[in-house]
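Asker: Sequence:
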Amino acid sequence: MSRHPLPTRVAPLQAEQAAALDHDGYLLLRGAVPAAWRDALRAAFDAGVGSGEQWTAPRGAGWRHALVDLDPSVQRTCRLPPLLAAAAQMLGAPFFLAQVEGREPLKDGGHQPLHRDGAGMTAVAALVFLDAYGPDNGATRLVPRALDRGEPDERLALVTAGEAGDILVFDADLPHGAGRNRSGARRRSLLLSFMPLAHRAAMEASRAIRNVRMDTGEVFAP
Numbered sequence: 012m013s014r015h016p017l018p019t020r021v022a023p024l025q026a027e028q029a030a031a032l033d034h035d036g037y038l039l040l041r042g043a044v045p046a047a048w049r050d051a052l053r054a055a056f057d058a059g060v061g062s063g064e065q066w067t068a069p070r071g072a073g074w075r076h077a078l079v080d081l082d083p084s085v086q087r088t089c090r091l092p093p094l095l096a097a098a099a100q101m102l103g104a105p106f107f108l109a110q111v112e113g114r115e116p117l118k119d120g121g122h123q124p125l126h127r128d129g130a131g132m133t134a135v136a137a138l139v140f141l142d143a144y145g146p147d148n149g150a151t152r153l154v155p156r157a158l159d160r161g162e163p164d165e166r167l168a169l170v171t172a173g174e175a176g177d178i179l180v181f182d183a184d185l186p187h188g189a190g191r192n193r194s195g196a197r198r199r200s201l202l203l204s205f206m207p208l209a210h211r212a213a214m215e216a217s218r219a220i221r222n223v224r225m226d227t228g229e230v231f232a233p
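Going by our numbering, the sequence shown opens with residue 12, and the numbers climb by one from there.
If you're looking for bench data, these hints aren't it; they were derived computationally from the structure. Certain hints may be false.
Pair ranges (Cβ atoms, derived) [to be verified]:
| id | residue 1 | residue 2 | range |
| --- | --- | --- | --- |
| 1 | R166 | A58 | 36 to 44 Å |
| 2 | D147 | A232 | 36 to 44 Å |
| 3 | G103 | D128 | 16 to 24 Å |
| 4 | R70 | E27 | 34 to 42 Å |
| 5 | R221 | D50 | 21 to 29 Å |
| 6 | D50 | G161 | 38 to 46 Å |
| 7 | A219 | R127 | 20 to 28 Å |
| 8 | D33 | P105 | 13 to 21 Å |
For glycine and all other residues, C-beta sits at the position ideal for the given N, C-alpha and C.
Whenever a hint applies, use it, and build me the whole structure from the sequences.
Answerer: And the structure:
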């Protein structure tokens, strides 16, 4: 029996934020993570870093990965009202938290070609930045929805920059990719995925290979 029999209601985004998200396909929530939470999140990230053997499927070279999905501070962050409101705005129907893990590009590593995570699936991705980020330490770049012409085009990509505590929320089908960490400065982040309930069975079937240990039974409703 589900431990979450009733959906958790999600308050709407502010009108100005909702309009920007609909137009651009992404929203940068500046300072969304309270300052008092950030040290605990960084500690959870560092405690979750282990050897490659802890992952069922191989992880990409040039990255540090962390198992964090059972940490209470991480779970609390995944439920920040502005973050849930942005996911609800994009999905428009009941949804669930499918996954959260930690990622950090190593020095001279981290570069990804522009790509789409949501091929054939409706999904919302979010990056919770635990350190300052920008073009020198591998910040995420993306192509706004209005500029997306189908084939990913680096000339149209914007590079994000900001401080620890920011959250980047975006349509997973938007062209995006991490940059190269040229400076070697730390750029820890939490990567989250929200999906509509229609995808729950598929996500449950792949829990083991994705190293998902947390309870994903909570349903969020706009």
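Asker: Now look at each hint and say whether the structure bears it out.
Answerer: Here is what the structure says about each hint:
no.	hint	result
1	R166 / A58: 36 to 44 Å	holds, 40 Å
2	D147 / A232: 36 to 44 Å	holds, 40 Å
3	G103 / D128: 16 to 24 Å	holds, 19 Å
4	R70 / E27: 34 to 42 Å	holds, 38 Å
5	R221 / D50: 21 to 29 Å	holds, 27 Å
6	D50 / G161: 38 to 46 Å	holds, 43 Å
7	A219 / R127: 20 to 28 Å	holds, 25 Å
8	D33 / P105: 13 to 21 Å	holds, 19 Å
The structure is consistent with each of the numbered hints, conforming to all of them.
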